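Asks: Between the sequences and the hints, there should be enough to build the whole structure, so can you do that?
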Amino acid sequence: MTTLEGRPNTALLVVDVQKGVVGEAHERETVVGNIAGLVERARRERVPVVWVQHSDEGLVHGSDDWRIAPELAPDDAEPHVEKRHGDSFEDTTLESVLADLAVGRLVVVGAETDACVRSTIHGAFTRGYDVTLVSDAHTAGDKSQWGAPPPDQVIAHTNLYWSFQTAPGRTAGTVVSKDVDFATAP
1 MTTLEGRPNT ALLVVDVQKG VVGEAHERET VVGNIAGLVE RARRERVPVV
51 WVQHSDEGLV HGSDDWRIAP ELAPDDAEPH VEKRHGDSFE DTTLESVLAD
101 LAVGRLVVVG AETDACVRST IHGAFTRGYD VTLVSDAHTA GDKSQWGAPP
151 PDQVIAHTNL YWSFQTAPGR TAGTVVSKDV DFATAP
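The sequence shown lines up with residues 1 to 186 when you count with the UniProt record's numbering.
Since the hints were made in silico from the structure, they are not lab data. There's no promise every hint is true.
Result set (DMTMM-like, lysine to aspartate or glutamate): computed pairs, CA atoms no more than 25 Å apart in a straight line [claimed, not checked]: (1) Lys143 to Asp56; (2) Lys178 to Asp56; (3) Lys178 to Glu45.
Since the model is a prediction, treat every value here as computed from it, not as a measurement.
Replies: Below, the structure written as structure tokens:
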């Protein structure tokens with residue numbers, strides 16, 4: 001139902017699952033394991049896997065912390081998008097990568113829930129994509145010392161409000177990893 005013409009395909013979008021981003025993240029092992037399982041399923045089903053990798057002054061391009069988590073192994077043939085802003089579409093090649101793949105629906109996983117994941121799902125939705133957030137495949141670090149809720153509440157809240165997003169001609173929603181269906185929207 002995407003509003004993007006001629007874009008019938010789905011892609012798995014893996015946002016910032018980097019060593020320095022998820023190193024201390026909430027339920028890291030479970031979340032990264034769920035993402036690894038989805039990557040494997042997407043590959044089996046011939047669904048494109050698109051990797052997004054953030055860099056900034058605290059996450060230096062090429063550093064060990066910048067690398068994708070070791071449990072995940074991006075294939076050299078899979079698209080890789082580098083970014084410097086929260087929204088994975090801002091000042092990147094993501095839109096052209098997805099257009100080349102005729103993708104109009106995104107299944108999104110990654111980190112950080114309250115930053116790059118949230119920015120990216122909103123950015124995709126406003127650009128016309130159908131967006132499914134995998135509720136048990138995104139995570140965040142603890143920012144409660146700065147007044148944020150604990151990570152489990154940040155994740156739960158993001159899942160709650162994304163379940164109720166609406167816009168003309170687009171779908172949004174959440175689904176648990178085991179119920180992801182790359183062929184249909186939620």
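Asks: None of the hints should be skipped; say for each whether it holds.
Replies: Hints, verified against the model:
no.: 1; hint: Lys143 to Asp56; result: holds (19 Å)
no.: 2; hint: Lys178 to Asp56; result: violated (33 Å)
no.: 3; hint: Lys178 to Glu45; result: holds (15 Å)
Of the numbered hints given earlier, the model fails hint 2 alone.
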